[in-house]
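Student: Chains as they are written, first to last, in the working numbering: chain A, -5 to 110; chain B, 2 to 112.
Think of the hints as simulated: they come from the structure by calculation, not from any bench. The structure presented is a predicted model; accordingly, all values stated were derived computationally and were not measured. Certain hints may be false.
Computed far set for chain B versus chain A, every beta-carbon distance over 12 Å [said to hold, decoys possible]: (1) S8; (2) S28; (3) G43; (4) Q45; (5) I47; (6) E53; (7) G57; (8) R58; (9) P63; (10) S74; (11) E76; (12) N80; (13) L91; (14) S95; (15) N96; (16) R108.
Which stretches of chain A does chain B cover? Using the computed rule of at least three CB atoms under 8 Å from a CB of chain B, they are [said to hold, decoys possible]: (17) 29 to 40; (18) 99 to 105.
If the Cβ cut is set under 10 Å, some of the chain A residues that face chain B in the computed set are [what the hints assert, rightly or not]: (19) V(-2); (20) Q2; (21) M5; (22) A47; (23) Y48; (24) R57; (25) C86; (26) Y96.
Positions of the beta carbon are idealized from the N, C-alpha and C atoms, including for glycine.
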Amino acid sequence: AQTVTQSQPEMSVQEAETVTLSCTYDTSESNYYLFWYKQPPSRQMILVIRQEAYKQQNATENRFSVNFQKAAKSFSLKISDSQLGDTAMYFCAFKIWGDSNYQLIWGAGTKLIIKP
Amino acid sequence: ETGVTQSPTHLIKTRGQQVTLRCSSQSGHNTVSWYQQALGQGPQFIFQYYREEENGRGNFPPRFSGLQFPNYSSELNVNALELDDSALYLCASSNRRGSQFFGPGTRLTVL
Chain A
-5 AQTVTQSQPE
5 MSVQEAETVT
15 LSCTYDTSES
25 NYYLFWYKQP
35 PSRQMILVIR
45 QEAYKQQNAT
55 ENRFSVNFQK
65 AAKSFSLKIS
75 DSQLGDTAMY
85 FCAFKIWGDS
95 NYQLIWGAGT
105 KLIIKP
Chain B
2 ETGVTQSPTH
12 LIKTRGQQVT
22 LRCSSQSGHN
32 TVSWYQQALG
42 QGPQFIFQYY
52 REEENGRGNF
62 PPRFSGLQFP
72 NYSSELNVNA
82 LELDDSALYL
92 CASSNRRGSQ
102 FFGPGTRLTV
112 L
């Protein structure tokens, strides 16, 4: 069975600082996707970034980047120049490639607070 | 391009009642997934529909059922509501292997 673990229930940083959220996962599959989603207080789940496991290059989306370590089964999210609007729950999620059931498997989330 | 929409936004029901939640998928997407998110937790997969057929199911009892229509919109039906069914219900649309994009959710409260 696949599992996703986020070991940091809550983090808090000052505006403009850089913050890294941790995620580890467990799977015997070799082809899969990893995602980071953001859920602000408005509760809409928003896709932040996606990584295909076959790609060695780490994904980047503006201020958001990942550190994907396939052998270690680690997938951390780095937010640079953090902004007040980054305050939200952040969820790491996993999906098997090519499986007939394309469900996302989720971590428990990390609450990120950006302080002014 | 229209995003994923869900209705209603909030809903209050009593134990034993039945509820229907609705989701309109994003233009160009043929797959809809439903998730239950209890307060303070990550989402839990309920089921997925692909081209009007159930394409996988999580660990939810049969009183959770669904439909997908020819325009790829979807319904989630829950019968015999229990207090533990109180949660945020999220709908996500995608192409079959693509990223899932979520609607704003329906907050269900069971009294």
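Student: Which of the numbered hints above does this structure break?
Tutor: Numbers 3, 4, 5, 7, 8, 13, 14, 15, 16, 20, 21, 22, 23, 24, in rising order.
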